[in-house]
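Number of protein chains: 2
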Amino acid sequence: MTYCLGIALTEGIVFCSDSRTNAGPDRVNTYSKMHSFFFEGDRSITLLSAGNLATSQSVIAKLNRDLEGAESITIRSGKYVSDVADYVGELLVAARSRYASEEGPDAGLDASASFIIGGQIAGQDPELYLVYPEGNHIAASSAQPYLQIGETKYGKPILDRIMQADTQPETAMRCAIVSVDSTMRSNATVGPPIECLFYRRDSLLKWDKYVRLDDDHPYLTKIRKSWDENIKKAFDQLPALDQSSEAPV
Amino acid sequence: MTYCLGIALTEGIVFCSDSRTNAGPDRVNTYSKMHSFFFEGDRSITLLSAGNLATSQSVIAKLNRDLEGAESITIRSGKYVSDVADYVGELLVAARSRYASEEGPDAGLDASASFIIGGQIAGQDPELYLVYPEGNHIAASSAQPYLQIGETKYGKPILDRIMQADTQPETAMRCAIVSVDSTMRSNATVGPPIECLFYRRDSLLKWDKYVRLDDDHPYLTKIRKSWDENIKKAFDQLPALDQSSEAPV
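Chains as they are written, first to last, in this note's numbering: chain A, 0 to 248; chain B, 0 to 248.
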């Protein structure tokens, strides 16, 4: 499994991902799920991937190979990030249908994957999309600023409480890290290192800030300890369930 | 969907459940998922149910009808709570196989359900089990004091942080309510009222404490507001992601 999220802020876009892949308990590996495509002064696009690793790798590889060829649409030539999202969707469906079949020895193979793709192209606003396994996509909005793929449930409650479009970038990165770290605690198929990137609106730089937190990174150790203590304190300070709360029996 | 949990404490057992059922967005209803079987001085057993409502209702109805007949095993005659859990598992498999078929117009119907069952029988220790849709069951343990069924993920992180076998009953009830309420916030198929019951070890009473919290219950309103404020404060007090956290690029 995997857990990745993208957050569309007024000031830019935050991307955050874990790095664990597993194909059964004997095959647990570390792969970065964050892929940046940067063309100075023209566009800065980041992809996060979840799902079947062979499928997502084949999509990313094709995106890279396209840049050397004469394809009509590439991650470099799309006019909008949504064009690139459409193209990623096409590649994804093609990769899935190559390996999945309804009959034969591989029937039932789940070769599906999903992507978060976002960034900015010169002259346009920043854009953030979630590409579904079927190839279609949805956009983030000011009412729903974050998009998640993979093992999304454990880390959702904290996002629901904290995240808004006008949240400050540092706060959003911190919240994304807490969301991924809490998921790692509750689910063994999500694991370190955590990568977190902030792209600043209109900068057209690769990133404004990027951190990669290994399991023993001092900041991750510090924020884990602090969050655990703070949550316990937050819980202890809740009003007690006294007699007056009881229902008539 | 549904979210129910049971917690095996040193001092007794906490049961907590939501009350929403849905069969599509047009058929959202309120049903209690908490069923108590109490025979004074002899046994106090509580069931929580999740999954297909027709299946779980047929199991509960059969348990009640058995009490009037001459069945060899009933919820009244089992020597251990685990005997009752075995019996519930049998009824569950029978109910599922009555409606699910591999062929015909209802092929693919998911008639599965699961149960949490716990309590105490005179002369025995309290017991707490999770009965899987396949009819088998697992017990809670001191290392894993809580068991969940239904929509379990959103509410798990807070349990992982707070819940231990020696947690006080009031604290455990409060934590269960927070866990269910957080789930209601993140998932529309889990809804009020929240029922929470504490059975005290060796009391052989129906319950030591029982609350039923409707959406506008003063305690639920109070704990929701307080939890939201406390979580935000807990988050604000985390160490900031400063320059020194950045990875070499």
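No wet-lab data here; the hints were simulated from the structure.
Model, not experiment: these values are computed from the prediction.
Do not take every clue at face value.
Because identical chains share one entry, a pair is satisfied inside a single copy or across any pair of copies.
As the list claims (entries may be wrong) - In silico DSS-like cross-links for lysine-lysine, where the CA-CA straight-line distance does not exceed 30 Å: (1) K224 - K208; (2) K78 - K224; (3) K221 - K208.
Going through the hints against the structure:
For a Cα distance limit of 30 Å, the shortest separation of K224 from K208 inside one copy, 23 Å, qualifies, whereas the shortest one across copies, 34 Å, does not. Neither within a single protomer nor between protomers do K78 and K224 lie at most 30 Å apart by alpha-carbon distance, with minima of 45 Å and 46 Å respectively. Taking the shortest Cα distances, K221 and K208 sit within 30 Å of each other inside one copy (19 Å), while across copies they are farther apart (39 Å).
Hint compliance for this structure: hint 2 is the single one not met.
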